[in-house]
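*Asks:* Residue strings, one per chain:
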Amino acid sequence: MASNKRQSILPRVQAGPKAPVNFSSSITIADTAILTGNHTINISSDSVIHPRSKLDSSGGRVTIGRRCIVHERTHVGAPGPAPPSSSASFGVLLEDYVTVEVAAVIESGETTIAEGCLIGIGARIGKGAQLGKHCTITAKSVVSPGERVPDYTVVYSNGVRRLDKRGVNDLKNKAQARQIEVLRRLIPSNPAKFKD
Amino acid sequence: MASFTPYSYIQCPCFDATGQARPSDESPSASSSDAPESDDDHAFDPRSPRSNYSLYPIEHLLYCVDCNQIRCPRCVAEELVTIYCPSCLFEVGSSSVKTEGNRCTRSCFQCPVCIGPLAVQSLEPAPESSSLLTADNAAPPAPGPWALCCSYCNWSSSEIGIKFDKPQGIFGQLAKIRDGDGHGDISVAAVDAAPTKKSGDAEADSTKSRFALMRSFYQSQLANSNSTSSGNLSGTLGEYGYGSPTALSRIMSLYSGNGLAALKPKSRPTEIREADSFKDGFRPSNLDESSSISALRENGYDGTVTNSQATSQVDEGARFVEDLWPIPHLLRSKRAKRCPVCRHILSKPEAKVNNTRWRIRLVAGNYIPSISIKPLNPTDTPGLPVPDTSSLTLTPLKPTQYLLTFKNQMFDQIKVTLATPATTPGRFASRVTVLCPQFTIDANAEDYDINEALKDDRRQDKEEAAPQVEAGKPWERGRNWVSIVVEVIPSSLRIEPKPAILRKPGEAEDLGPLKEDEDILEIPMFVRLEWESEAAQDQVGSTASKDKEAKEKRELAYWCVLGLGRISQD
Chain A
1 MASNKRQSIL PRVQAGPKAP VNFSSSITIA DTAILTGNHT INISSDSVIH PRSKLDSSGG
61 RVTIGRRCIV HERTHVGAPG PAPPSSSASF GVLLEDYVTV EVAAVIESGE TTIAEGCLIG
121 IGARIGKGAQ LGKHCTITAK SVVSPGERVP DYTVVYSNGV RRLDKRGVND LKNKAQARQI
181 EVLRRLIPSN PAKFKD
Chain B
1 MASFTPYSYI QCPCFDATGQ ARPSDESPSA SSSDAPESDD DHAFDPRSPR SNYSLYPIEH
61 LLYCVDCNQI RCPRCVAEEL VTIYCPSCLF EVGSSSVKTE GNRCTRSCFQ CPVCIGPLAV
121 QSLEPAPESS SLLTADNAAP PAPGPWALCC SYCNWSSSEI GIKFDKPQGI FGQLAKIRDG
181 DGHGDISVAA VDAAPTKKSG DAEADSTKSR FALMRSFYQS QLANSNSTSS GNLSGTLGEY
241 GYGSPTALSR IMSLYSGNGL AALKPKSRPT EIREADSFKD GFRPSNLDES SSISALRENG
301 YDGTVTNSQA TSQVDEGARF VEDLWPIPHL LRSKRAKRCP VCRHILSKPE AKVNNTRWRI
361 RLVAGNYIPS ISIKPLNPTD TPGLPVPDTS SLTLTPLKPT QYLLTFKNQM FDQIKVTLAT
421 PATTPGRFAS RVTVLCPQFT IDANAEDYDI NEALKDDRRQ DKEEAAPQVE AGKPWERGRN
481 WVSIVVEVIP SSLRIEPKPA ILRKPGEAED LGPLKEDEDI LEIPMFVRLE WESEAAQDQV
541 GSTASKDKEA KEKRELAYWC VLGLGRISQD
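As given, the protein sequences belong to chains A and B, one line each in that order.
Each residue of the first sequence is one higher than the one before, starting from 1 at the first, in full-length UniProt numbering.
Each residue of the second sequence is one higher than the one before, starting from 1 at the first, in full-length UniProt numbering.
Hint data in this document are derived by calculation from the structure and do not stem from the laboratory.
Positions of the beta carbon are idealized from the N, C-alpha and C atoms, including for glycine.
Hints may be right or wrong, so weigh each one.
Derived coverage of chain A by chain B (criterion: at least 3 residues anywhere in the stretch with Cβ under 8 Å from a Cβ of chain B; other residues may be distant) [stated by the list, open to error]:
#, segment
1, 147-159
2, 163-173
Capping the alpha-carbon separation at 25 Å, the derived lysine to aspartate or glutamate pairs in DMTMM-like fashion look like this [said to hold, decoys possible]:
#, chain 1, residue 1, chain 2, residue 2
3, A, Lys172, B, Glu446
4, B, Lys98, B, Asp315
5, A, Lys140, B, Asp302
6, B, Lys407, B, Glu350
7, B, Lys166, A, Asp170
8, A, Lys165, B, Asp315
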């Protein structure tokens, strides 16, 4: 049914240079994901990249850990407002079990998201920010560039912070694994497209 | 400068009932339209502080068809139709509101930290099933314990040590934990297993349980004192609340003067003891605040509650985040509104909770003409859209014309009479002239001929492409609307003392700086409507009184305020 697909009236997004990739064999990456940049994009095992998510390694290497979910219209490795400094050793590092929700933006430049973090819908993580383990950044929240967010922090309601004392990390990781199982059946994976 | 949209507000007649020096606007003898003009002292001043409480946009007003009067949200009488929980949309009977309080007694809770809705979640993982395919189709019930969790800020009731044995009947379980096991008078049958308790010393500390203790203590005290002091009287009077010794002696002296007291001088009422122990519900205030100080030192500012968190709690006195309990949802109500004079129902919502419609709703917009304001640009042809004038300001001392369009929503022809003071009240008196203060608007009849209307339009396009501004004539008229021209000469906003000739003796002048919104040109306008409609008894004999004689004359008069625009400040 490709013929009656609605065509976008917007001009086609100028695709940058095709990024060199390093995929694990068990990842799920949609056909319409956009991977651009000059540096390597590493995606570890069991991670899911949704359609129309954009991974941009032009500001440095992008690494995505195990069992991460990167949702639609996200922009991982976005250029920050400041001009990119060449000193950054890598762009973005997502550790294991990280979920990046729809339309979230993670700026490039040694930005580290530790294990089990949830980046909410439309949230923005500034350049060089370091998120501790199991942080929750709720929808539309902003983490400013270079900020260090301690472990288990919840950022909500225009930047109010509190500590997550639920202690449900194992539950969360199990739920993430189950969600990945479902997504794997729903999203047709085409890693071959991005390899050259 | 901020953009400005012209507005028209209508004054509710209930204002007159409270103000003393106001003319009675609804007096039926207001035959001459220039009566308010003649005594400017009595003209309505939109800038007086009281006016804020009586001016409403037409959308907020209701209309009583029996009294033929406007009714505002302030003067209607309300009555409850339905009480319901906004979270689960479950209807709550008024009797259960009286016994259980004004909060939802089902499992609807708000997060005490961020007021998001709380969900019941299991703290243990679901047992691993053999295949993941069955796991999401039919998940096996997760084992307890359960906790209330906020999905937004990740608050969990396990943070304050509250866990539930079952996912149902959370309100009852929570009340049991809060009030301690013995004193909770909430009879929820589902709670038979004792829920996990918080810590040993915190129970029976809630206001409710203390009240219950204190009440039972004083009741037993009164019963004791009655049986000892007032003897045989206690059996009859005790039930009527006269059992207390002081009340009894007062009554006895009332009826018998000194006679009885002289007869029985020794019957001194026995003193009743005041509550003084913990089991009487008495709690001395804790003056030793070292624990609070150490908690502050330990957790810092993040460990304390914010003001809004403390006020949204059910029980007062929360100071640290450990004191924050889940908030049961406050119930809401649907209300019917009645006319305060004749008790006629003005608006009545559907009784069902999930139905948002109204059974009866008499909005004023259906009965009184709406007024829309637009600047008149004589260069514009009427067909062209008016350029965006919201950002324009009025130039001082330059005559400007505005077009007021009155739209009739009634099925009767109405005669409109307008009156304004010659100058606007306030420090900056602008001159106002209504070029056509008297006109009639045709009925909002549905049986008009579309061809006729189109022909009218075309003829108007040809002949009167540019209607003239002429005194005594409406600018334009349509099927159920008439537009008229109002000319204003905005005053200068310069603050300078009046010339000595114009100054009244003994008048103090206000030469202070420009106040907020004082640069808005607001015209108070008295509107009087007159129309003929069928007699009020038409419900009784609608078939018999169809003849023309059954029509009766009605009138309605009210003040309104037209905000035309801002006067530029230079």
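*Asks:* Would you mind marking each hint as holding or not holding in the structure?
*Replies:* Consistency of the hints with the structure:
Counting residues of the segment 147-159 of chain A whose beta-carbon sits less than 8 Å from any beta-carbon of chain B gives 3, enough to reach three: the coverage restraint holds. Note: the segment 163-173 of chain A has 8 residues with beta-carbon separation from chain B under 8 Å; the three-residue rule is met and the coverage holds. Between Lys172/A and Glu446/B the alpha-carbon distance is near 64 Å, which puts this suggested pair outside the 25 Å criterion. Taking the CA atoms of Lys98/B and Asp315/B, the gap is about 18 Å. The hint holds against a cut of 25 Å.
Restraint check for Lys140/A and Asp302/B: satisfied, since their Cα atoms lie roughly 22 Å apart, inside the 25 Å limit. Proposed proximity of Lys407/B and Glu350/B is contradicted: the alpha carbons are some 30 Å apart, above 25 Å. At roughly 22 Å between alpha-carbon atoms, Lys166/B and Asp170/A fall within 25 Å of each other, so this suggested pair holds. Of the pairs offered as hints, the one joining Lys165/A and Asp315/B holds, with about 24 Å between alpha carbons and a cut-off of 25 Å not exceeded.
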